[in-house]
Each structure stands twice: as structure tokens, then as C-alpha cells.
Amino acid sequence: MTRVVSYLMLSVWCLLPGAALGQTPDQPRRWRIKGQFSEACTCNVPCACNFGERPSPYEYCHAMWSYWVLDGNWGSIGLKDLRIGGIDGPVGVTGLLDARAAAPQRAAMENIWHLLSGRLFCLMRLWPFKAGADEPNPVRPPRQNSIIRTRYADRQFLGFDYVATEQVISETGMRLHFGDKGGFEANYLRGRDPSKPITVTNHISWPVPVTIKAKTVYLKYGDKHNQLDYQGTNANQGEFDISDKDQGALPMAPPK
Amino acid sequence: MRIASLLFALPVWLPAAESSLLETVRKVGDLYRQGKHEDADKVASEAIAMLESRRDPPDFDGASSWNSLGTFVYAQGDLNRAGRMFARSRNAYLSLAGPSDPRLATVLYNLAGVHVETGHYFEAEPLYHDALAIREKALGPAHPLLAEVWNALGFVMIQQKRYKEALPWLEKAANLWEASAGSAAFAAVALNNLAFLHRLEGSFDKAEALYNRALATEEKHFGQEHPEVATSLLNLAALYRAKGQGEKAKETYRRALVLIEKTLSPQDPLAVETRALLGQLK
Numbered sequence: 000m001t002r003v004v005s006y007l008m009l010s011v012w013c014l015l016p017g018a019a020l021g022q023t024p025d026q027p028r029r030w031r032i033k034g035q036f037s038e039a040c041t042c043n044v045p046c047a048c049n050f051g052e053r054p055s056p057y058e059y060c061h062a063m064w065s066y067w068v069l070d071g072n073w074g075s076i077g078l079k080d081l082r083i084g085g086i087d088g089p090v091g092v093t094g095l096l097d098a099r100a101a102a103p104q105r106a107a108m109e110n111i112w113h114l115l116s117g118r119l120f121c122l123m124r125l126w127p128f129k130a131g132a133d134e135p136n137p138v139r140p141p142r143q144n145s146i147i148r149t150r151y152a153d154r155q156f157l158g159f160d161y162v163a164t165e166q167v168i169s170e171t172g173m174r175l176h177f178g179d180k181g182g183f184e185a186n187y188l189r190g191r192d193p194s195k196p197i198t199v200t201n202h203i204s205w206p207v208p209v210t211i212k213a214k215t216v217y218l219k220y221g222d223k224h225n226q227l228d229y230q231g232t233n234a235n236q237g238e239f240d241i242s243d244k245d246q247g248a249l250p251m252a253p254p255k
Numbered sequence: 000m001r002i003a004s005l006l007f008a009l010p011v012w013l014p015a016a017e018s019s020l021l022e023t024v025r026k027v028g029d030l031y032r033q034g035k036h037e038d039a040d041k042v043a044s045e046a047i048a049m050l051e052s053r054r055d056p057p058d059f060d061g062a063s064s065w066n067s068l069g070t071f072v073y074a075q076g077d078l079n080r081a082g083r084m085f086a087r088s089r090n091a092y093l094s095l096a097g098p099s100d101p102r103l104a105t106v107l108y109n110l111a112g113v114h115v116e117t118g119h120y121f122e123a124e125p126l127y128h129d130a131l132a133i134r135e136k137a138l139g140p141a142h143p144l145l146a147e148v149w150n151a152l153g154f155v156m157i158q159q160k161r162y163k164e165a166l167p168w169l170e171k172a173a174n175l176w177e178a179s180a181g182s183a184a185f186a187a188v189a190l191n192n193l194a195f196l197h198r199l200e201g202s203f204d205k206a207e208a209l210y211n212r213a214l215a216t217e218e219k220h221f222g223q224e225h226p227e228v229a230t231s232l233l234n235l236a237a238l239y240r241a242k243g244q245g246e247k248a249k250e251t252y253r254r255a256l257v258l259i260e261k262t263l264s265p266q267d268p269l270a271v272e273t274r275a276l277l278g279q280l281k
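If you read the protein sequences in the order shown, they are chains A and B. Counted the way numbering that gives the first Met the number 0 counts, the first sequence spans residues 0 to 255. Counted the way numbering that gives the first Met the number 0 counts, the second sequence spans residues 0 to 281.
Chain A extracted, bound-state conformation (with noise of 0.2 Å):
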């Protein structure tokens, strides 16, 4: 094999498997989910991701999440009570969803995945350039100095695991589990008036107006991957309404 000079290579293998579906270029593949959305993550509430600020208190925000959608479609492919979940853990990101799910609910699901929260995984990129100590030559290659760049894998897409995805939402709070992979549990958190939880409208993470803010009793997961155990921590409750016209759902990504 040629000694690798100077590359590769980020993140992911991931493949999109939108072919399936019958889209032209011509007909633009028409989607659209409702329902009820979980997530939890390993930052303080309430999580300063949400607000655009840095993840605290530490420097990672990883995160577990379902979109349950209780009304929705892809093209003809009906996908109501299907949950579109994932972990996004220290190894990468693994689309989690629902074990249920005939074969071409599956083919939707991933695709919906991948356009709400796979869309930064979704292709493998090069790592970016990392400039050695030659002087330059206009003329002549670069000196590249990554070795990351050259023989090193990173981040990735882990691909896609079917589970039992269990989502339970209560007038106090919520759970969410993957399988026997885990998952979280969290309670809602009340506000000065004791009779409603405290809400945030329009924050950045996830594509729901409106959320309501949780705090986590645990937040526990592994696989062969990403473990996670936390608790205490911050999550999200709340209603989502999302389809092929929504581009607000686009720059959406689970929190970094």
C-alpha cells in the first residue's frame, strides 16, 4: 500500500440510503413529523448550549434524544409512534431507532435522521490542513503536517442501532430508554409559580419552540462505544413539528 503522504481523514462513514425513496431532482422528497420530543445531556441545567454559549461544566456536552413522532410521514411511508432517537458520546454518534420499524420505515427514519441530526456527520470530510514548517512554494505541493490528517480516524458516525425505545412523558416529567442500553429519567423544574414548569422559547439546540426544562434523576448509558453516567443534569421536554419546508430544522445538530 503507498505510504500515506499527507491526508484523510474525519469523522464518518455515513451513508445516506435516501435513494429508496423515488426523488427526482425534480420532486422534492416531502416529509413531516410531529410529536413529542425528549432529551438529556450531560451539562448543568440549563445547559449553556441551549443559550449558543459553551457547554459547562464541562468542555463536552454529550447527549441522548428522541423525537416521537405521533404523526408523520415520509412520502408515502407512514411513521406514526416511531421514535427517532441517538447518543451523541464521546466516540461518536449513533443514530438510535425504533426496533418497530418495518423495513422501509427504517430507510425513512435513517434519512430523517441524518436531516435533522446527522447532517454535520453525515459525509466524510478531510481533516483540515495543518501547515508544517517548510516555507512555502507557490508552485509545489504543501508540506501537510496533520498526522491526523494522515493515518488517523476521528469523530465518528457510528451508524445506526434498532432498538426498544421506550418514551415516556408524564405531567412531572419524562424517561427515555434505549434497549437495555439505558437511557434518562428527569423532572420537570417549577417556577415561581409552582403549577407550571419553566420554559424556553427558540433556544439553539434542538429544533422544538418551545421546551420544557428538566432536571435529570440519572442519565446512564453504554454500549460498545459511548458510556455515559451522570446525573443531575439538564434536559429538554417539549413539542416539535418538523418537515421538508421547515428549514429551521436544518442547522439543527445534537448539542456539541
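What the hints contain is simulated information worked out from the structure, not anything from laboratory work. Incorrect hints may appear among the rest.
Restricting the straight-line Cα-Cα distance to at most 27 Å, the calculated cross-link-like pairs of lysine-lysine (DSS-like) are [to be verified]:
id, chain 1, residue 1, chain 2, residue 2
1, A, Lys223, B, Lys35
2, B, Lys281, B, Lys249
3, B, Lys136, A, Lys33
4, B, Lys219, B, Lys247
5, B, Lys160, B, Lys242
6, B, Lys205, B, Lys219
7, A, Lys195, A, Lys214
8, A, Lys180, A, Lys244
9, B, Lys26, A, Lys223
10, B, Lys171, B, Lys205
11, A, Lys180, B, Lys26
12, A, Lys214, A, Lys180
13, A, Lys33, A, Lys223
14, A, Lys223, B, Lys219
15, B, Lys205, B, Lys247
16, A, Lys219, B, Lys219
17, B, Lys281, B, Lys242
18, A, Lys79, A, Lys33
19, B, Lys261, B, Lys281
20, B, Lys136, A, Lys244
21, B, Lys261, B, Lys219
Given the coordinates of chain A, work out where chain B should sit on it, guided by the hints.
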């Protein structure tokens, strides 16, 4: 309508070949990450053959796979071939999703990278600008993905000795990455490039401060024993050498060498090169 078009119009439960392609491409990535490069090479050949045997019209699986396999071929040093694969991915995305799709921006970024690595800067720059325009439109003006294009533009301008033009791109990239949670490693890259720029302009003190910031960021992000840290040490050592601080240069080269030997191997070409540099200072 061609038969192929009809097939693609059917939902995924039919074409087993589709999942086979995706699985094969995914396997290439898995093997590569496990360090099984020869196995990855074999599986990549299978995947490329599968892609080559496909007929029009293009589809998203093919578009994505050409890009993924292109990065693999790129890593093997076959830049021309990688460029052709990225071009096929680009053409497929253009045909499938139009000129504003963010996935196209990623492919353009990769294709531009091929041009940069082969010294064809004039070909690279417009591709970066196209990628930037797509991302600005899709992701807004402050998304971290913009920073990687800014960094690339700054890098290209340095290579062309357009130092004054390069400076604002690199500063923007460093600032945005530093302000973006989870982008610490990228911030180190932009800081490194900024340091290099200042070094080339003779601002050695600024360069030293920036190299040290980049180094500290990498040590924090990757840990102290990572080869990426070694390459930053090599840059810092080169700066000391340029400043005429021979002893500091030697000491820093030695630190880098220890790290390279430990994290890569004593026979690694980078180790050999570093020993040669050390030898020149004696």
C-alpha cells in the same frame, strides 16, 4: 422510464444490492479504522467495482459511497483517482439534490483538498468558495463548518504567499472554532496555521505564542501522548531554529522524537526525518 428508474422508485425493501453496497463501504471504513489497511483495500476494490457496475441514474447511496471511497483512496496517496471519485460524487449530488445541498459542500471541500495536495491552488480556491456559499446559506453565518473552509482558504493563500489575504481567514477560523464547543482540535489547527503565517512574516514572538496555544489545546484535547502533539512540537522546534535558538530547537525536536517513537514507531519516516533535523543542529 428506464427499468433502473423504476427500481429506484420502489421503496427499500426490494433492492438487496443497495444495502450490500452500503455495507461494503461501511466495512472499508471499519477495517481502515482498525488499522487493517490491506483488508480495507480489498473491500474497497469490491465496493468500487459495485459502484462502477451501477447504471444511471445516480442515487444518494452512490453519491455518498463515491465520496467515502474517495477519502479512502486519498489516504492511500492516489490523489488523482481520489479526485475522480470526488468528482463523481459531486456530479451525483448535483444531479440529485441541486447546487445548494450541504452534502455537495462537503464533497467540494474534499475535491478542493485534492487540488491543494497536488499544488493546484487556483483550482482549489473556487471550490472552497462554492462550498462556503452553500454552507453559509444552509447553516447560517456562524456555524463551525464554515471555519474549516476559512482555514482551508487561509492555508491555500499561505502556500501562494498571499499572507495579508490569508490572515483574516485564519483568524476567523481560529475564533469561531475556539468559540464552538467541541471544536478544540480544529482550533489548534487554525492556531498552528496562524503561527506559521506570523513566522513567515517575521513576527517570531507572535508565532511562538500561537504555537504554544495550539500545542496546549492539542495536549488538552488529545492528551500529551499523541502524535498530533508531536507535529506541533516539530513546528515549534522549527521556529526556534529560525530564531537562532539552537538549544531550544534541539530540546523541542528531542521531545517530538520521543513522542513519535513512542506513539508511531522508531522506524516511522517522521522519526527518521526528525533525527535528521536533530543531526543538522549538532
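Hints numbered earlier in the text: which of these fail when held up against the supplied structure? 8, 13
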